[in-house]
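Residues 81 to 351 (our numbering) are what the first sequence spells out, left to right.
Check each hint, because a few of them may be wrong.
[What the hints assert, rightly or not] Per label pair, the in silico range of CB-to-CB distance:
hint : residue 1 : residue 2 : range
1    : K269      : R168      : 23 to 29 Å
2    : E120      : P161      : 22 to 28 Å
3    : P161      : R323      : 23 to 29 Å
4    : F139      : A218      : 20 to 26 Å
5    : T229      : D351      : 23 to 29 Å
6    : A218      : R168      : 19 to 25 Å
7    : D276      : G336      : 35 to 41 Å
8    : V151      : P285      : 22 to 28 Å
9    : H328      : R168      : 34 to 40 Å
10   : G131      : P266      : 23 to 29 Å
11   : V151      : E265      : 35 to 41 Å
12   : G291      : A99       : 27 to 33 Å
13   : Q300      : G191      : 42 to 48 Å
14   : D351      : R92       : 30 to 36 Å
[What the hints assert, rightly or not] Simulated pairs of lysine to any residue, SDA-like, Cα-Cα distance not exceeding 20 Å:
hint : residue 1 : residue 2
15   : K337      : S90
16   : K116      : P126
17   : K335      : F303
18   : K269      : D259
19   : K260      : H286
20   : K335      : D297
21   : K116      : R168
22   : K335      : G96
23   : K116      : D167
In short, the hints are calculated from the structure, not lab data.
Every residue, glycine too, gets a C-beta built ideally from N, C-alpha and C.
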Amino acid sequence: MRLATWNVNSIRTRVGRVADWLDRAEVDVLAIQETKCRDEQFPFEPFEDRGYEVAHAGFNQWNGVALVSRVGLDDVEITFPGQPGFDRDAGEALIAAPVVDARAIAATCNGVRVWSLYVPNGRAVADPHYQYKLEWLATLRDNAERWLTADPQAQIALVGDWNIAPLDEDVWSLAYFADKTHISEPERKAFQAVLDTGFTDVVRPHTPGPGVYTYWDYTQLRFPRREGMRIDFILATAALAARVTGAHIDREERKGKAPSDHAPVVVDIAD
DNA sequence: ATGGCGTTATTTTAACGA
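Turn these sequences into a full structure, and let the hints steer you where they fit.
Structure, rendered in structure tokens:
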């Protein structure tokens, strides 16, 4: 089966492009981030017309994650246990539920537990949102460890917009990002800590760098100048990674009329 | 140079993004 992840930057604005892409891409399961809508605003019909089931979590105009599948969509779970929230009004407090963003949704698709994840941006290293990001990732790590401890053979995919560039070559300019988020050591360690529970990046072996990205800013002609970031990942447990036969980043989808600023990331999994 | 662009909402500016 073919599994993909895509930060679409508003599903209502992008639904035509996403549907057109599904018509061509032969994707069985698509994890979406940044739908930017509430459940009742989500355009379900274009997906259902194409034979896909949809599960969506959206609480307001921010964030929003979804799973689209034509190979089953069972045991849907919105947010992971202990998922931290961010108090937007206070602007500083890191607090627990019930103030939780729509940043995580899971379902079992053809035997694979797929999590569509939208990791908090962090905004700036000195911003409280940055601590929220680190706490969010640490809690995800704890869950990942728990899932694999319960079943070392579990087939789990953690996919989405991680808002972290793990390697120096994952950003177009180290100097530009030197004092910004996405490349700081705490963020990279938080990402690595998830990997260390038993996950691997199953896309990178098929899309070697440098200069291979999944995101390009709308401004400053970043895309034509090939100045991007690699921040969208498909991480798989060993049992699932063993079935991966190929992967690609569909940078063609960053072109044309009204694109998302992210490209879809795709992985092929043997039956 | 906080510019450059895109999206959303109890919009006409502010918040957010990375």
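Legend entry - Non-conforming hints, listed in increasing numerical order: Hints 10 and 19 are the ones this structure does not satisfy, whereas the remaining hints hold.
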